[in-house]
Amino acid sequence: MSHLISIVTENLPMLQVVLPMLAAPLCVVVHHRRATWWVALVVTWASFANSVALARKVYLEGPLSYFVGGWEPPWGIELRIDELNAFVLCLVSAICAVVLIAAPRSFDQEVESDRHHLAYAAFLLCMTGLMGIASAGDAFNVFVFLEISSLSSYGLIALGPSRRALSSALRYLIVGTLGGTFILLGVGLLYMSTGTLNLVDLQQRIPASDGHRTIVVAMVCVVVGACIKLALVPLHGWLPDAYTFAPSVVTAFLAATATKVAFYVLARFLFSVFGVASSIDRFHVDWVLLPLALVAMVYGAAAAIFERDVKRMLAYSSLSQIGYMVVGLALVTKSGLTGGIVHLVNHGLMKCGLFLAIACVVLRFGSPHLGVQRLGSTHLDRLRGLGRSMPWTSAAFVLGGLSMIGVPATVGFVSKWYLVLGAFEAGKWWVAALILFSSALAIAYVWKVVEVLYFADPPRREDEVGEAPWWVLGPTWVLVGASLVFGVWTAPTVRMASAAAEVLLPALAGAGP
Amino acid sequence: MGPGLYNYWMVIVLMMTGLYVVLARPNLVKKIMGVTIFQMSVIMLYITLGKVAGGTAPILIEGAEDVAYSNPVPHVLMLTAIVVGIATTALGLALAIRVYEEFGTLEDDEIRDAEIADAMAAEAGGAD
Amino acid sequence: MDVLLFAFLVATAVWGVSRLRDLFAATMMLSLFSLLSAGLFMVMDAVDVAFTEASVGAGISTVLLLSTLSLTHRREKRRERRLDPAALVLVFAVGALLLWGSQDMPAYGDPQAPVHTYMVPRFLEQSGEEVGPPNIVTSVLASYRGYDTFGEATVVFTAAVGALLLLTGLRRRGEADSREPGGDEQGVRMRGNVILRVAIRPMIPFILMFALYVQFHGDYGPGGGFQAGVIFAAGVILAALIWGLHRVREVFTPRALELLIAGGILLYGSVGVVAMVRGGNFLDYDTLAHDPVHGQHLGILLVELGVGITVASVMIALFLLFAGRGRRSPSAVESG
Numbered sequence: 002m003s004h005l006i007s008i009v010t011e012n013l014p015m016l017q018v019v020l021p022m023l024a025a026p027l028c029v030v031v032h033h034r035r036a037t038w039w040v041a042l043v044v045t046w047a048s049f050a051n052s053v054a055l056a057r058k059v060y061l062e063g064p065l066s067y068f069v070g071g072w073e074p075p076w077g078i079e080l081r082i083d084e085l086n087a088f089v090l091c092l093v094s095a096i097c098a099v100v101l102i103a104a105p106r107s108f109d110q111e112v113e114s115d116r117h118h119l120a121y122a123a124f125l126l127c128m129t130g131l132m133g134i135a136s137a138g139d140a141f142n143v144f145v146f147l148e149i150s151s152l153s154s155y156g157l158i159a160l161g162p163s164r165r166a167l168s169s170a171l172r173y174l175i176v177g178t179l180g181g182t183f184i185l186l187g188v189g190l191l192y193m194s195t196g197t198l199n200l201v202d203l204q205q206r207i208p209a210s211d212g213h214r215t216i217v218v219a220m221v222c223v224v225v226g227a228c229i230k231l232a233l234v235p236l237h238g239w240l241p242d243a244y245t246f247a248p249s250v251v252t253a254f255l256a257a258t259a260t261k262v263a264f265y266v267l268a269r270f271l272f273s274v275f276g277v278a279s280s281i282d283r284f285h286v287d288w289v290l291l292p293l294a295l296v297a298m299v300y301g302a303a304a305a306i307f308e309r310d311v312k313r314m315l316a317y318s319s320l321s322q323i324g325y326m327v328v329g330l331a332l333v334t335k336s337g338l339t340g341g342i343v344h345l346v347n348h349g350l351m352k353c354g355l356f357l358a359i360a361c362v363v364l365r366f367g368s369p370h371l372g373v374q375r376l377g378s379t380h381l382d383r384l385r386g387l388g389r390s391m392p393w394t395s396a397a398f399v400l401g402g403l404s405m406i407g408v409p410a411t412v413g414f415v416s417k418w419y420l421v422l423g424a425f426e427a428g429k430w431w432v433a434a435l436i437l438f439s440s441a442l443a444i445a446y447v448w449k450v451v452e453v454l455y456f457a458d459p460p461r462r463e464d465e466v467g468e469a470p471w472w473v474l475g476p477t478w479v480l481v482g483a484s485l486v487f488g489v490w491t492a493p494t495v496r497m498a499s500a501a502a503e504v505l506l507p508a509l510a511g512a513g514p
Numbered sequence: 002m003g004p005g006l007y008n009y010w011m012v013i014v015l016m017m018t019g020l021y022v023v024l025a026r027p028n029l030v031k032k033i034m035g036v037t038i039f040q041m042s043v044i045m046l047y048i049t050l051g052k053v054a055g056g057t058a059p060i061l062i063e064g065a066e067d068v069a070y071s072n073p074v075p076h077v078l079m080l081t082a083i084v085v086g087i088a089t090t091a092l093g094l095a096l097a098i099r100v101y102e103e104f105g106t107l108e109d110d111e112i113r114d115a116e117i118a119d120a121m122a123a124e125a126g127g128a129d
Numbered sequence: 017m018d019v020l021l022f023a024f025l026v027a028t029a030v031w032g033v034s035r036l037r038d039l040f041a042a043t044m045m046l047s048l049f050s051l052l053s054a055g056l057f058m059v060m061d062a063v064d065v066a067f068t069e070a071s072v073g074a075g076i077s078t079v080l081l082l083s084t085l086s087l088t089h090r091r092e093k094r095r096e097r098r099l100d101p102a103a104l105v106l107v108f109a110v111g112a113l114l115l116w117g118s119q120d121m122p123a124y125g126d127p128q129a130p131v132h133t134y135m136v137p138r139f140l141e142q143s144g145e146e147v148g149p150p151n152i153v154t155s156v157l158a159s160y161r162g163y164d165t166f167g168e169a170t171v172v173f174t175a176a177v178g179a180l181l182l183l184t185g186l187r188r189r190g191e192a193d194s195r196e197p198g199g200d201e202q203g204v205r206m207r208g209n210v211i212l213r214v215a216i217r218p219m220i221p222f223i224l225m226f227a228l229y230v231q232f233h234g235d236y237g238p239g240g241g242f243q244a245g246v247i248f249a250a251g252v253i254l255a256a257l258i259w260g261l262h263r264v265r266e267v268f269t270p271r272a273l274e275l276l277i278a279g280g281i282l283l284y285g286s287v288g289v290v291a292m293v294r295g296g297n298f299l300d301y302d303t304l305a306h307d308p309v310h311g312q313h314l315g316i317l318l319v320e321l322g323v324g325i326t327v328a329s330v331m332i333a334l335f336l337l338f339a340g341r342g343r344r345s346p347s348a349v350e351s352g
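If you're matching them up, the sequences are chains S, F and Z in order.
Residues in the first sequence are numbered consecutively from 2, following the numbering used here.
Residues in the second sequence are numbered consecutively from 2, following the numbering used here.
Residues in the third sequence are numbered consecutively from 17, following the numbering used here.
Next up, chain S with everything else stripped away, as it sits in the complex (with noise of 0.2 angstroms):
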């Protein structure tokens, strides 16, 4: 028994990948519905307690290093933990363990009962590949798994029930393989001028050829091919269908950790390979970025207000969401970072949550799967007079929409305090006008639905409506819940977002003038 607990407290930083990567083909081994969900349940319980105490541990002895196969870099392949993805491997984890206790009962629903095996498999695949991503500490490395969740969530999204799910993930694969493929070539440049794939050595060996061009063309790669992925205006094309035909609780999943993880890759290559003094002091990328972030920032919440449909909405409400946290990174002042990483957290917490209740909506008024009369089940007119016959469903969705907003004493608000403050820090107050700005734009959207659901009359219906499931109310409680905590108990996400910002910022201290 002991020997078994050092086996796993030896190798904590692999176990959390590699879980979730053996259970896959083991669900298509299982083969049986409801014994393939167990066996994911299980792993990616025990793959968020894994993040959890990685976390932990991190905190407490600092940035752990994993050699694969036991040979040590350049040479093999290394898992490198510290502050800041040790919270992105939690909020993954976390998200994964939630979402998949509401999977069943949407993917009876939605998927076909002969292959939820597969559906679970290409779930657990996807969480591998973030996971992976997330862990990797070589650039190589990052590109297969982004591979891995690209694919799987391509399969994912195609699974929805309208026709337009295959046309949606058809043109995303072509999109993600591009971003793909410009981070391989990224990569490649990277790899020819320095000699070396992992990304602390890069970090070392790139200042030895500053102002080299083939570096800024590197550079240039990545962050496209990051951006792709983030779906950063005006690179978002993929995101508003794919979000919105997916089946519910693959939008839930995804809307609440792919783009995560891609701001992660990001902020990880512009901040520690490539440097603050290369990317930020010499190339300017925040000249570029700030912008789109800006306009992502207003053109998501603004294009959410003329949207009809819930699920679409809150698509564009993502890519609003998304311009924040670049915003914060853009800013590249310690209390932006910050904000940036926060709201990583927050916005994944309650986009998943707000999801969730779409996913509890449509569970009541049947899957639009056959023709098109019944597509519309999550047009804003299907929710009208939700509000008393679905009242759980509709007051989860209010409090999400609040956090949306950044009331205060929600999670919204934490992270919109910092990007202000480090507005401020910058000396930009048009960027906090900005923000402001949009979270005004956003009132107007949550309110539609708010009015919606409270103050319009219920139409005639033969069937009445109930309250959805606990299987699917629940992990939509918990995640609306933690945004509240989280909104109140700010110590723990702000603690590990400003330790992660300073794992990003001490280039520049270093650095800097």
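With the Cβ distance kept under 8 angstroms, some of the chain F side facing chain S (calculated, not the full set): (1) V23; (2) I33; (3) L46; (4) Y47; (5) G93; (6) I112; (7) E124.
Quick caveat, the hints were computed from the structure, so don't treat them as lab data.
Glycine residues also receive a C-beta, built at the ideal position from the N, C-alpha and C atoms.
Start from chain S and add chains F and Z according to the hints.
Coordinates of chains F and Z only, in the frame set by chain S:
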């Protein structure tokens, strides 16, 4: 800019071709072909940078001294990249088959028209 | 030599793939493109990569493209030929950027380039003792960077899971099957072709044998699990073309294929887990036997086998899914 960069320039031309096919051709299978060319050009870049002048394939020759071997690392990486490429192509084509079954076409603009029709019908259906 | 090959490549890519409207012809050009790239890789000493590209690009990917075309449209829609200005601007911007960046690239073949001086010397000098196989590509692939290769096998597995999700069974639930029973069309057609049948049938056992040779000879020459898997699958695909899909399906039932696809990954992963249980890190083959070199040998053998099993069964499954999917009748397409 020496003549030693000829390979890279050719790679860049191929890359541009692939990218153009993806961006400009409306047929989705053609787009997948464009992605393949784009990926292949990146693979060629890696293999090019692994070549050592006068070198030989990186398979150790027993007892031979002073043999220049080409760099095996890009080869390893690109084996993986080729596999990733075929996996992506396979999934893309599977999706293309399903899209064709549902929409009756693979031309992106025609699919968009059908999608707009779907959205209008949904708007009408949502308001019932 | 490579100058010439590159010129041909550009020609096939620009003229063949991007200009041709006939997708069937474009597929053939893409196949030729892959074959030419394989030649180029050969010239640049990347024998393993050339082998893989020839079997994947010119082989499997062509088969999949052709099956797709037989299920969809063979031609692109006719429209006036004109260049897309926005795309051109973007493409030339990317090209210009890369060209600008290429000025600081090390010259082709320069032995003093950073890639040749930094990490590689150890692989060249010590992999023989540390890992064993004379083929350094195999050592780096399966041992030093074994985690990437596990990821690669998982990517193949992921593609299979995705394709199975999309293409197994009929359409969405609730809709009757409106497809023509044309699943064995190809097999039927091939069976009539005496020449192909006589010429190919005796080759099949040799192809399968060759796959096994490639599988287990990867330590010494080019080859390994991935190439072997593809070749094995090619043998089975030929068998399907001669004897019909249903005969191959009798051997490789959907369930058997699922088990094989998953089994290869589980074999690879369990090697890693055993290494952890024996006190090493994940995929540390040194711990697998008393003698590290022996352990490395065993580990590489097993993981390559895992890759081979998964790749072969995924490729067979993809072929069966694509080729076995009957074309839907046009009336159903119009109404759907």
